[in-house]
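Number of protein chains: 2
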Amino acid sequence: MFELIRRDGLARICKLDTKHGVLETPALLPVVNPRFQTIRPRELYETFGFKAIITNSYIIKNDDKMRPDALAKGLHEMLDYPGTIMTDSGTFQSHMYGEVEVKNDEIVNFQREVGSDIGTVLDIFTEPEWGYEKTSEAVDVTLERTREAASLKGEMMLAGVVQGSIYPDLRERCATELRGIDADVHPIGGIVPLMENYRYADLVDVIIASKKGLPPNRPVHLFGAGHPMLFSLAVLLGCDMFDSASYAKFARDDRYMTIERTMHLADMKGLDCDCPACVGRSIDQLKAMKPAERADLIARHNLYISKMEMDRVKRALLEGNLWELAEQRCRSHPALLDGLRRLKEHQDFMERTEPLSRDGAIFYTGPETMNRPVMHRVAKRLKERYTAPRTDVMVVFEGGEKPYSWHRADDIKAILDVADSHFYVMSEFGPVPIELDEMYPIAQSLFPSIQDRDMVDRVREQMEDLAHTHQYGLSCMYDGESTAEMLASLSKGKGKFDIDMARVRAVADYQFGKGAADALFSGKVELVKSKNTEKIRNVIVDGEHVVSMRAEDGFFTLRPPGARRLLKTFPSPRLRAVVSDDSVPFNREGKNVMCGFIIDTDEGLRPSDEVIIVDKNDDLVAIGRIILTKYEAEFFKKGLAIKTREGIKGPVTSA
Amino acid sequence: MFELIRRDGLARICKLDTKHGVLETPALLPVVNPRFQTIRPRELYETFGFKAIITNSYIIKNDDKMRPDALAKGLHEMLDYPGTIMTDSGTFQSHMYGEVEVKNDEIVNFQREVGSDIGTVLDIFTEPEWGYEKTSEAVDVTLERTREAASLKGEMMLAGVVQGSIYPDLRERCATELRGIDADVHPIGGIVPLMENYRYADLVDVIIASKKGLPPNRPVHLFGAGHPMLFSLAVLLGCDMFDSASYAKFARDDRYMTIERTMHLADMKGLDCDCPACVGRSIDQLKAMKPAERADLIARHNLYISKMEMDRVKRALLEGNLWELAEQRCRSHPALLDGLRRLKEHQDFMERTEPLSRDGAIFYTGPETMNRPVMHRVAKRLKERYTAPRTDVMVVFEGGEKPYSWHRADDIKAILDVADSHFYVMSEFGPVPIELDEMYPIAQSLFPSIQDRDMVDRVREQMEDLAHTHQYGLSCMYDGESTAEMLASLSKGKGKFDIDMARVRAVADYQFGKGAADALFSGKVELVKSKNTEKIRNVIVDGEHVVSMRAEDGFFTLRPPGARRLLKTFPSPRLRAVVSDDSVPFNREGKNVMCGFIIDTDEGLRPSDEVIIVDKNDDLVAIGRIILTKYEAEFFKKGLAIKTREGIKGPVTSA
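Residue numbers (our numbering), protein chains in the order written: chain A, 1 to 655; chain B, 1 to 655.
Check the hints yourself; a few may be wrong.
Identical copies go unnamed one by one, so any copy, or any two together, can satisfy a pair.
Stated by the list, open to error - 30 angstroms max Cα-Cα, derived DSS-like pairs, lysine-lysine:
1) Lys15 / Lys638
2) Lys269 / Lys19
3) Lys19 / Lys290
4) Lys383 / Lys524
5) Lys249 / Lys643
6) Lys15 / Lys269
7) Lys524 / Lys65
8) Lys15 / Lys383
9) Lys269 / Lys643
10) Lys15 / Lys287
11) Lys269 / Lys591
12) Lys15 / Lys630
13) Lys643 / Lys514
Don't read these hints as lab results, they were simulated from the structure.
Work the whole structure out from these sequences, hints included.
Okay, here's the thing in structure tokens:
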């Protein structure tokens, strides 16, 4: 069973139930070579805290001494490891050395017999240089073997591998077909050659294509990925499990891992690591050690640094700045930067699970930041959901600290006194309607003041677009007062623009879809403002409190009268989650909606979106926030689907 | 005494001799509050390895208990600290609380009397909001007080502070005047408000303006800068010393430093630090500790992480990738990115100390990479030192993996058979003459394949520039063979372009200046190539070995016949260092040239440039590589100025 605990877009923290404990993901599984155990499995568990390892069943099965031992004692006793043991099948050996002398059913049965917690199918390693036809056939064989393995797995969990080389459609087809097979974990295989050749952009395509097809309720394992430089990007793309043989292999060649790269010890001019293996040592001491001792120490360091980075990635996920971390880490190598830049091609897919907002500010790290799905959403929703008012004059305020003015404030006021006008603020997002300037991510993004060419060009292009949609434009910039101050003074005068009403209307349409403003605010509207900040807090319509505006992200929290208005306007399942009858009484009491109790959901809803919980008769049951999208909720069997904020007492039933 | 040990541009590792030991810089000096010692000074020295601390003489002098104690025992015994103690004067207190009740001579005398190793003048803290006139007057007072302090310092080293607020000309004037005053260390003061307000671009301007004026033979201390997020950028700009009171102050407010930012403990969702303070602890354990214990632990963590980052910066400097580290670190916050971007304005100044080449590859991290001084140099020298041949046809090869051709290879060959042609390779540097395509940094730079707008625009602009300088152009791109293969096949045919001669000539002019190719290669030229790589290794002219070409950076190493040819062509001091008579015999034996023995140097020479060492009669003495530029060598009293590679035996003298 695989349960989602926390998420940020595709990235997630989950729990995987295994026969030997619950594994929290994202997790790195150290590879234990059954022949040479650089670090004892028991120590990996107790000292390092690795609750799962991976070892190779093919090597054990082919070894006349280990095979009977494993069959007699079981893997856990043989390796003296109390946690989760995953086994590989020999596929990687076929990539390294050609064919392997074992059949799929033999190796699956063997893994089950020795008590592997997660056994792996003998899939076909699809090499990057293979042609399309050959790869497609290998995918078919892999799927056939996975079906066979599923029939043999018994109590063992099964790892069903996604193959398809660098062909996104084959990866997606393989992944989609795996949905229908009773597997438990999905490694993405055949990627080691991509990583060895720094083809990170291709790797990104492979991961995304696989994620598109794979069922979201099973963990995704990036097979053979164990370098910390990749963790943040891979977790961002929804990878849950990783394995590392490199920590020990590299150590034997004096290769020392850092978060950015691998260094040959001979090239290192210092030691700046406080991990338990390195602390207190100098680089000269390390170089002077006996080779075997040194390899042992470097292997430990490599594991500590890898674990630390995985913990760092988890923390970033929880603190809402995984994008920032990944964008920073991807500057470690131009090829990783390529991987990051490739995400631009996958904005639409990533937007589907992109939360409405996050805690904390967005930090601009470079042009790549503007390709994040949340930025893509701004452009998309401004086009689809924002209605520009029909006005005589469009005014664009240019921000910044430049000490000159294009028009004197008096002149502007004189024009606005006679004209029906609308206001934009020039920003790094391009010209933004002033009524949306407090909404996430527009107000919550921090940019450098020195702009790059991508930024300059994009803003100029959007300015030109806007100019074409309005008949009369007026662009002004002036010193002294801030935009807000000027606007306040304007709105106190004869200006016809009501920014407050414009704001609640524009935010409603942006958040809930076009038409939401009409639905929510028809009637006599009263705005309750914060006394401290003068910002809108509550919107009362015809005496009913329909929505509250959140200070942190500028979006609305729905109140029952608002929910009812939306229900009336938008046909089911828009903005709704329809829950089953056995869930209704609990949700009415304010309890959360669990996976498995949802009949239908609006597929337009995104994580952290407001959702109206209704019963089969479309009666209001509760209001909450979405955790799982419609697509995801259909797969997960355990855990929260919707966090309920407010249950609505139902009519008293006669029963 | 301050000695340069290793450098990379303005960044440097030095040794500062003090009465209490030799301090290796760059160094972070923890601030010890004489009243509350969060961590005992002895422990800072022994456990943490901080060989210098800073404490406040003004607080001690104003405390009726501490003052007599300090005067009786001296600071070192009072604080129980065996290393270097620097003292501040009370200036920062004047910034915090207004005027201080002490005079400059009193506080300088007091610092000397209590045995401070480095005492500080009572300078005027120039606030960022001050006007120009007020700031200018404060600079004058600061300089006057520094002169007074210098007359009183005795055996104590004196810290003479650069003031001037955000006015670069005042900073530079102050720094330049400090050159003539007998001070030993130069803090850059008045910058705390800039850091508090994230004005990193302004901070960069202040540092550069100060560096322009300050004597290069004294350490530069960034007063009040103690956050690890800033270390890599500040060291890159030539800052040598830092101090941190934040480690303890932050700890008392539960503020936890990471390399990227400061976190409030309450906002932290995990702990991913292996430092001796944190190792083995969870965030929940940390949060559950008693406040005093927790503050103690966080203070220790803050110091460990700061020290680790300083060690990381030093390692990057030594390994030649400090630029990569700083560019990565500056993505921690958009304001730091602004600081990085501001460096574009200081390219000319930074180019003066930019080495000819570095070990290892240049990693492109974003548009900022192309603003590095080494990139600026490429553009500059291509314009000033490269002579494009007069040809009928200019051919630009477009690289990349695109599977189509603009012209078929046969067509190109047919054209070239009848035309006098010249070749460019399209690259991220724009079109590069093919004969320079193995030279640093052109061949040693790695770029992502997905380009940003800055890159696309710059390459296009340079392509357009090139098109204007040639009458006929032919741009070709084709699949199959690589550019090199195609060129090889062309040069075997009737093509008139001799790439090997073009290469040695172009590199010679690029490296030594226009005219060097004529000087070095007039006569019968023979090229000796590597059997393995087929690359040029040695150039023999009229039977004499004039230069060798280095595989790692594509530049020349001078041999004596080459040096003699250059001496004949270029008037003194071009390409030379003129050394004094007492140095000559040592240099002829191959010994290095030490500071203080140089009479004149070519001011065009850059660190790691080849230099011809001559005596006063312009006779060849030795050949070496420059460590200090002409300007720097005039200041340093100790250490290496030139690394001699080959001494030249002189004529037998009659004495």
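Hint-by-hint comparison with the structure:
Taking CA atoms no more than 30 angstroms apart as the test, lysine 15 paired with lysine 638 passes inside one copy only; the shortest distance there is 10 angstroms, against 62 angstroms between copies. For the identical chains of this complex, lysine 269 and lysine 19 are inter-copy neighbours only, at 28 angstroms across copies versus 46 angstroms inside a copy, given an alpha-carbon limit of 30 angstroms. Taking the shortest Cα distances, lysine 19 and lysine 290 never come within 30 angstroms of each other, neither inside one copy (40 angstroms) nor across copies (39 angstroms). Proximity of lysine 383 and lysine 524 under a CA criterion of 30 angstroms is satisfied intra-copy only: 29 angstroms inside one chain copy versus 71 angstroms between copies.
For a Cα distance limit of 30 angstroms, the shortest separation of lysine 249 from lysine 643 qualifies neither inside one copy, at 45 angstroms, nor across copies, at 40 angstroms. Taking the shortest Cα distances, lysine 15 and lysine 269 sit within 30 angstroms of each other only across copies (17 angstroms), while inside one copy they are farther apart (41 angstroms). Taking identical chains as interchangeable, the C-alpha atoms of lysine 524 and lysine 65 are never at most 30 angstroms apart, the minima being 84 angstroms within one chain and 72 angstroms between chains. In the homo-oligomer, the alpha carbons of lysine 15 and lysine 383 never lie at most 30 angstroms apart, since the shortest distance is 39 angstroms inside one protomer and 61 angstroms across protomers.
Proximity of lysine 269 to lysine 643 under the C-alpha cut-off of 30 angstroms is restricted to the inter-copy arrangement: shortest distance 20 angstroms between copies versus 52 angstroms within a copy. Proximity of lysine 15 and lysine 287 under a CA criterion of 30 angstroms is satisfied inter-copy only: 24 angstroms between copies versus 41 angstroms inside one chain copy. For the homomeric pair lysine 269 and lysine 591, the shortest alpha-carbon distance between copies (25 angstroms) is at most 30 angstroms, but the shortest distance inside one copy (58 angstroms) is not. Proximity of lysine 15 to lysine 630 under the C-alpha cut-off of 30 angstroms is restricted to the intra-copy arrangement: shortest distance 21 angstroms within a copy versus 64 angstroms between copies.
In this assembly of identical chains, the alpha carbons of lysine 643 and lysine 514 lie at most 30 angstroms apart only when taken from the same copy (25 angstroms versus 73 angstroms across copies).
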